[in-house]
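A.B. asks: Chains V and Y are the protein sequences, given in the same order. The end of the first sequence is residue 361 by this note's numbering, with every number in the run present. The end of the second sequence is residue 388 by this note's numbering, with every number in the run present.
These are calculated hints, taken from the structure and not from any lab test. Keep in mind that this is a model prediction, so the values were computed, not measured. Each residue gets a CB set at the ideal place from its N, CA and C atoms; glycine is no exception. Just so you know, not all the hints are guaranteed correct.
[To be verified] Straight-line C-alpha distance at most 27 Å; calculated BS3-like pairs for lysine-lysine:
| id | chain 1 | residue 1 | chain 2 | residue 2 |
| --- | --- | --- | --- | --- |
| 1 | Y | 373 | Y | 243 |
| 2 | V | 66 | Y | 40 |
| 3 | Y | 62 | Y | 21 |
| 4 | Y | 62 | V | 69 |
| 5 | Y | 40 | V | 69 |
| 6 | V | 66 | V | 161 |
| 7 | V | 66 | Y | 64 |
| 8 | Y | 62 | V | 66 |
| 9 | V | 126 | V | 161 |
| 10 | Y | 62 | Y | 40 |
| 11 | Y | 64 | Y | 40 |
| 12 | Y | 243 | Y | 313 |
| 13 | V | 69 | Y | 64 |
| 14 | Y | 243 | Y | 211 |
| 15 | Y | 40 | Y | 21 |
| 16 | Y | 373 | Y | 349 |
| 17 | Y | 258 | Y | 349 |
| 18 | Y | 64 | Y | 21 |
[Said to hold, decoys possible] Chain V side only, calculated, beta carbon under 7 Å to chain Y, not exhaustive:
| id | residue |
| --- | --- |
| 19 | 321 |
| 20 | 323 |
| 21 | 361 |
Spelled out from the first residue to the last, the chains are:
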Amino acid sequence: MTTYLASIQTALRAAFAADPRVCLLGEDVLDPYGGAFKATKGLSTAFPDRVFTTPISEGAITGVATGLALDGFRPVVEIMFGDFLTLCADQIVNHLAKFTGMYGATLPVPVVIRTPMGGGRGYGATHSQSLEKMFLGVPGLTVVAPSHAHDAGALLKHAILGDDAPVLFIEHKLLYPVDLAEPGGSLRIELRREASGYPTAIVRNHATDAPDVTVVGYGGLSRLVVPLIEELAAEEITVDAVFPSSLTPLPVDTLVECTARSRRVLVVEEGTEGFNWGAEVAAVLNERLFGQLDAPIRRLASEDTVIPASADGERRMLVGREAVEDAILGLVA
Amino acid sequence: MSVAVRAPAVSVNEESVLLVAWHKDDGAFVRRGEVLCTVETSKAAVEVEAEADGYLRRIAVSGRKFKIGEALGNLDGPADTARSPISTPAANGAETAAADGAKAWTKKAALRASRIGIDIEAVARANAGQTVTEADVLAFRGSNGTLTKAADPGNRVPAATIVAGPIDLASRPERILLLGGGAGAGAMTVDVLSHLPTQRAVGILDSNPETHGKTVGGVPILGGLGLVEELWRAGQFDSVIILFTKDIAERAEAFESLAAKGIPFANVVDRTAVVRAGVRMGRGNLVMGNAYLSTAVEIGDDNFFASHTVIEHHSKIGSHCTFGPRTTLSGAVSVGDRVKTGVAVSIEPYVKIGSRSVIASACVITNHVPEDSLVKSERGHVVRPRVEAGR
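Model the full structure from these sequences, guided by the hints.
C.D. replies: So, in structure tokens, the structure goes:
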């Protein structure tokens, strides 16, 4: 049993060991502290000349990493909270995502920006967001968000060593202590390879070809959805839970094929509702499956409001297990 | 009843906390909210409060680290303040426990029963304590061998009233099977339904075998009227509506026979028809374009209202009536069952039209019409050919 966090830690060490060009920059990343979420614990001890603690300037961190990448390194940037991406957004959007497009394929920018996102710990409005949607649709930028049904560490290692394009790598903070999923009980897990190199995890609570409902989600929501569908198996509700690991590029063929089996689909995400990943998924599914679905494509997201610091308030506005269950049952009804 | 005092999750970074000091003696009685001890992480020292009244039993020793969630001690309730069990609302089938304490039915079974019109509790009773599955629901027959009727499913147009408000696009469109629509009536109704976002025509049944296999507006004519039950059991539609109007007795008989088998009937109201506040409608009514159903009108089952029919306020209509285009009823008119009107019939206020009456086109009714009447007026007829006198 490996936790999501342990698999990230292992992957970083493995990437550093495999390639001397790999380095890491971030705030508070040095041992003994080892990073705000402990992802870099042990790393600076093992590789003291390649792990850099920085001043509190996300723009500087990302800019320096971009320069290192242009100089032939394979830098990993740790942004302490995904909410702080706004501070380095210019470096991401206008610099590292665009250089290859502007100056040619001979100038790859193999930067991986790792950052935790997500709420549920009462950290308040500016430390709990899921801001993926702000970075979707930036040409040249791959956005990856592994669930616990993926081998998160393997994906990170691929992003660092095997992907020359810049990657924004999102880790949901509530997934860190969660054990990576293993098939068992009533669950079957399929990892489907995608052209992007970032596989899609399909978790099924049945063994048929035509489940009642397809649920599409990503990242931290797997910790809610997977136990939920395990319980729904006993209620005779059969579900395929499809978790792409790359939000963009979107694994369209996989999503279409899975949705076509049930003809009823729920797209769920923790980010706020409106103009989000689910909107793109729904539009694409509509284009490909128009007239063949048994129900309108259903989307679920958190309430379009500022995340409260109070536990109660946060629980009410973030997408929760009950909302997902209600939406699934509503599709079956 | 003992409540554990657990090491709290203070900081995201750390899996354990240091117990700095206890503030209450072992065995002391504490009240809810009193500070029991202080724990510390790399960032802050935090006080742990008692979650309930009780006697403190200390387990942990200060100066040591404990994992988050580990019990530091217990609060034992005094014997005379034992709490009653908290009742939690259980979901669906868990509310009604089966014989061995397992849930009475699966959620899927409950959804299926609601959709096809079966009372899940009746199935549970018949299942003698076993958890009811979807298969049990589909196989269920009432004591007289027929499908039983259920309580209202809730997420579709309720049987008793018609909802003339904002459309709930989140619900799946109601799938309607048209009975007797091989000819013009089918084309007309398919057209009406194609403009209604919450309903759609999924098939047509017609007694004329020459129509079978054809389509009307893209909707297939599947076969004869005898197919209804088979299609119902296969879950191919949500409700039916009867389109043939020539023979009212035949129409009424078809309605009653299908209703007795538990087949639900839809109300279909053209998008351009106006249905005012307080209108109450039974089932199986078809209301065509630009019809007007005024405030507080009450309508029974299986009626047909051709285009531009006007039913003014507080009128009451029974069942199995058919009204020709531009039939106009004034206020507080009362119409029985199985009444037929022609084109442009006008009925003045407070008039009663008895059941099974037929009123020919263009009549103006000013007095009560007894049951089983035929009412005609001077029809237009050719007087003589026109003669050109001079020019």
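A.B. asks: Each of the hints needs a verdict: does it hold here or not?
C.D. replies: Here is how each hint holds up against the structure:
no., hint, verdict
1, 373/Y x 243/Y, "18 Å, holds"
2, 66/V x 40/Y, "15 Å, holds"
3, 62/Y x 21/Y, "19 Å, holds"
4, 62/Y x 69/V, "20 Å, holds"
5, 40/Y x 69/V, "18 Å, holds"
6, 66/V x 161/V, "26 Å, holds"
7, 66/V x 64/Y, "16 Å, holds"
8, 62/Y x 66/V, "18 Å, holds"
9, 126/V x 161/V, "18 Å, holds"
10, 62/Y x 40/Y, "15 Å, holds"
11, 64/Y x 40/Y, "16 Å, holds"
12, 243/Y x 313/Y, "23 Å, holds"
13, 69/V x 64/Y, "19 Å, holds"
14, 243/Y x 211/Y, "22 Å, holds"
15, 40/Y x 21/Y, "24 Å, holds"
16, 373/Y x 349/Y, "17 Å, holds"
17, 258/Y x 349/Y, "33 Å, violated"
18, 64/Y x 21/Y, "21 Å, holds"
19, 321, "9 Å, violated"
20, 323, "5 Å, holds"
21, 361, "5 Å, holds"
Hint compliance for this structure: hints 17, 19 are broken, all remaining hints hold.
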